[in-house]
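K.L.:
Residue numbers (my numbering), protein chains in the order written: chain A, 1 to 278; chain B, 1 to 268.
Computed footprint of chain B on chain A, listed as stretches where at least three residues anywhere in the stretch have a Cβ under 8 angstroms from a Cβ of chain B: (1) 84-90; (2) 103-109.
Among chain A residues calculated to face chain B with C-beta under 7 angstroms, some are: (3) 49; (4) 78; (5) 79; (6) 93; (7) 94; (8) 113; (9) 114; (10) 162.
Read the hints as simulated data drawn from the structure, not as lab findings. Yeah, the Cβ is synthetic: ideal placement off N, Cα and C, and Gly gets one too.
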Amino acid sequence: MLRLESLTKRYRTGDKALNGVSFDVPAGQVVGLIGPSGAGKSTLIRCINRLVEPSGGRVLLNDSDTTHLGRRDLRRARRRMGMIFQEYALVERLTVMENVLSGRLGYVSFWRSYFRRFPQGDIDKAFALLARVGLSDHADKRASALSGGQRQRVGIARALEQDPELLLVDEPTASLDPKTARQIMRLLCEVCRERTLPAIISLHDVLLAKMFVDRIIGLRAGEIVFDGAPSELDAATLTEIYGEEDWTQMHDEADAAEHGTKPHDLEPSREERMAGLA
Amino acid sequence: MSTALAESRPWKRPPLIRNAWLRWALYLGALVYLLAALNSIEVNWERVSEGLAQGWSFAQGFLAPDFLTRSRDIWRGMAESLTMTVTSTVVGCLISVPIALGAARNIAPLPIYVVCRAIIAASRAFQEVIIAILFVAMFGFGPFAGFLTLSFATIGFMAKLLAEDIEDINEVQAEAIRATGANWWQVINYGIQPQVLPRLIGLSLYRLDINFRESAVIGIVGAGGVGATLNTAMQRYDYSTAGAILIMIIVIVLIAEYASSHLRKWVQ
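Model the full assembly from the supplied sequences, consistent with the hints where possible.
P.N.:
Okay, structure coming up:
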């Protein structure tokens, strides 16, 4: 389905973010990508849809190489890959529905998208997806009016609206509280299974990765240092990925995190925060 | 916590300039320059006392404004000014949008960026009055020269500030749109336009306000509008009419001020 062949990325500053990364993702597999900050997780994901240009190697999506496509063909390739972002990356001032429909931009003409005249099929699909992620009542709200978890659900709906063959997910839970993070991960894995959709999910939370994904790839300094089932991930491999640390403590912390959820939607508005100054 | 109590020591905010000698030399130098500069201003007190009388009669005219005697001239000037203001703001804003897109480094390629920045610099290099003198020489007296002047000045102002706002957008939102396979125009329309639209509207309203005030100034050099009426009244020592015109300008600017702050709150 997706095959990376010695993918390399060297930034203009000379830093080597990826160094000959190769792996295969078969259809329907959810891959968790873990590793310390700066290990190249984000770069790896962005090299696949070429938001970052790889400097070497090949990316094969269903046996077609995406690394040498021209602009038009690159756009075609991008619409086959849905992407979900760390800070949701919704267009804050657009409505939820516009954000979901923006997943169709690769398929419709500029003028159609400019006047928001999407084909009825796209609109039906968008409503169905909003129902799937539990946001049917929010279609006409601005994205900025939603809580973090709700925003990420819209992000998932936008990616699925593309009818993707692959999901690229960059730290989907980094800005969420532990409970919402689990709900989002569960939702992501469910939709991937429903559609036998392969996904690459970068995560900094090892426990979350172990809990949900089918396979874990550990990156360190741009190289794969672990590739296997979540159950094979033990203290020794974690030390190899992240460096020395007492990994046995982790399980207790996870239980504590489950209970410490922060309420969202209760943040003070800008006016309220500035009121004290007047 | 585990170690013993650290010994207490005083703390002061570190000064901006660390070298004490340099710091005091700079303060002293600035003070000396300021005193010398103030000393170099020559004031002719006789002329001032003469002028105070003139100023007083002007102020009296202002306190007793005469809207009626020259009402036809005043209304014609006002209508002309408002027409100039609205048309030049609309035209200037429309032209400034594509230039702003080209002048934003994060979305435009380098050659286009250089050209658009040059246009902005050219428009901003000259004060409105200087451009007005040029256009009056080219197209003759009247509001057309004023309209061209204000449009030209609007382009530089709007394009510069809008381009800076585009450079400050949250790039991730545009990146997400790009990742869907959207083309350049779609990225602009979905990823960037929603982020800068409130600022675009706010700036246009602010520029409308500026253009109205400028229309009163460039009228003095012959570019039409209420400035021409004001100039005539001043030359005739008709301070009551001048006062009436000034009051009307103040009222219109005030209305524009309140209206635009309301509108800006609404588009946020």
